[in-house]
Amino acid sequence: MPSTRDIRRRIKSVKNTAQITKAMQLVAAAKMKKAQDQAANGRHYAELLNKVLVNLKEKAEEGLHPFFSEGKGGKLLVLLVSSDKGLCGALNTNLFKKLITTDFGTEDVDYVTIGKKGVQAINRLRRHLLADFPIKDPAKFAEVRGVGRFLQEKFLTGEYKKVLVVFNNFINTVTVVPTVEQILPVNPVTLGGKRDFAPEIETATASTEYTFEPSAAVVFETVLPQYVNDTVYQMVLESRASEHSSRMVAMKNATDNAKQMIKDLSLEYNKLRQAAITNELLEITTAKMALE
Amino acid sequence: MPLKLEIVTPEARIFSDEVDTVVLPGYEGEMGVLAAHANLVTTLLPGELRITKGGKTTEMAVGEGLVEVTGTVTRILTDMAIDADKIDEKAVEEALARAQKSLADLKPGEQQEEVAAVMAMIQRSTAQLHLKRKRKTV
Numbered sequence: 001m002p003s004t005r006d007i008r009r010r011i012k013s014v015k016n017t018a019q020i021t022k023a024m025q026l027v028a029a030a031k032m033k034k035a036q037d038q039a040a041n042g043r044h045y046a047e048l049l050n051k052v053l054v055n056l057k058e059k060a061e062e063g064l065h066p067f068f069s070e071g072k073g074g075k076l077l078v079l080l081v082s083s084d085k086g087l088c089g090a091l092n093t094n095l096f097k098k099l100i101t102t103d104f105g106t107e108d109v110d111y112v113t114i115g116k117k118g119v120q121a122i123n124r125l126r127r128h129l130l131a132d133f134p135i136k137d138p139a140k141f142a143e144v145r146g147v148g149r150f151l152q153e154k155f156l157t158g159e160y161k162k163v164l165v166v167f168n169n170f171i172n173t174v175t176v177v178p179t180v181e182q183i184l185p186v187n188p189v190t191l192g193g194k195r196d197f198a199p200e201i202e203t204a205t206a207s208t209e210y211t212f213e214p215s216a217a218v219v220f221e222t223v224l225p226q227y228v229n230d231t232v233y234q235m236v237l238e239s240r241a242s243e244h245s246s247r248m249v250a251m252k253n254a255t256d257n258a259k260q261m262i263k264d265l266s267l268e269y270n271k272l273r274q275a276a277i278t279n280e281l282l283e284i285t286t287a288k289m290a291l292e
Numbered sequence: 001m002p003l004k005l006e007i008v009t010p011e012a013r014i015f016s017d018e019v020d021t022v023v024l025p026g027y028e029g030e031m032g033v034l035a036a037h038a039n040l041v042t043t044l045l046p047g048e049l050r051i052t053k054g055g056k057t058t059e060m061a062v063g064e065g066l067v068e069v070t071g072t073v074t075r076i077l078t079d080m081a082i083d084a085d086k087i088d089e090k091a092v093e094e095a096l097a098r099a100q101k102s103l104a105d106l107k108p109g110e111q112q113e114e115v116a117a118v119m120a121m122i123q124r125s126t127a128q129l130h131l132k133r134k135r136k137t138v
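Protein chains in written order, with my numbering: chain L, 1 to 292; chain U, 1 to 138.
Just so you know, these hints were derived from the structure itself, not from any lab. From a predicted model like this one, the values you see are computed outputs, not experimental measurements. Worth double-checking, as some hints may not be accurate.
Quick look at which bits of chain U chain L covers, simulated, 3 or more residues with Cβ under 8 Å [unchecked claim]: (1) 4-11; (2) 16-28; (3) 36-43; (4) 65-76.
List of simulated lysine-lysine pairs, DSS-like, C-alpha gap at most 25 Å [claimed, not checked]: (5) U:K4 - L:K57; (6) L:K136 - L:K154; (7) L:K51 - U:K4; (8) U:K136 - U:K4; (9) U:K4 - U:K56; (10) U:K101 - L:K140; (11) U:K101 - U:K56.
Output of the computed footprint for chain U on chain L, the stretches with three or more beta carbons under 8 Å from beta carbons of chain U [claimed, not checked]: (12) 98-109; (13) 157-171.
Yeah, the Cβ is synthetic: ideal placement off N, Cα and C, and Gly gets one too.
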């Protein structure tokens, strides 16, 4: 049976925890708003670029650009986009679970990471880490472009068959889906939970050929690297939005739990106190009755 | 048949409406697009873009990008698109000066990323200034 003093102490400590988680929740909520806006704003561009390129890919001849066909080597290159910090619920755990359960079809996989948690996971899994890119928060395009260029250079060496990205796809504040997408060779990718292909465009271009100005090679030469960089950037944005949302939700749950705990403890404390008072009264009355 | 025009940048969807014609700075010079244009893909260069709808012309300064034209839709993906009226000449001049200075500071052969970014900035600023000044003299 704990004493009233013990319970008082526990209530105090839980209150402190609640205060901290509440503060973290508010910070995460503010960051979440920004990250979500950023992701939502970029999504339209990324989707459209995605759509146009995949349309073009079907029309383009094989071998027009190295980004359209698989590399000669048998290895795979995987970019893992995780968060830098913890305390965001099961976000990273789910992401790594997805990574572990995904069958890449080959053992020979090299990893590139964004985010400290990813580095730790890759090391723990004893997989081969090729490079790690620290990206600040909020993510800047100039920083992420470096990652995109690195992936492209590696792919162009021909060592790798494909380049994949494992990231948290942001759907809404409570739904985040760990996703594996192929970025090279150029492929339609899912962003924000949907593969955006309006049917009207598919039919409009199905039977027709495009004219390229000045030539297909020149257009692809400028556009494809841009596409890779932008898509990677958008994926980082989606991951960041997921991270802040998950953290906000996790902290909100923690605060709610702490509040419930305070309530339970207070009840117990009051009961104990009341019992003590009753006891005392009983003692006094008994003593008085004994005297009479 | 109307022509649908969409202009998007990584930050936002700038324009999405039906227009009569659009004139844009393509790889091989200015290019006018009307409805039922042949399917075409080209790269966009920094410069000015004119949209005509019902006799009214809107001008915009655009950056580098990609243009996809089909018979019914024209999609412009670019890193910048600013309405001519919204260009702040002074701010752009300052940005241009800053970019030119940082270009001079950068050593050749080093930091290609940076150089490319600064060059793009200069081109974008110049495109905006051209458009703004041209409108003034008219």
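- [ ] May I ask which of the numbered hints given earlier this structure violates, with the numbers listed in increasing order?
- [x] Violated: hints 8, 11, 12, 13.
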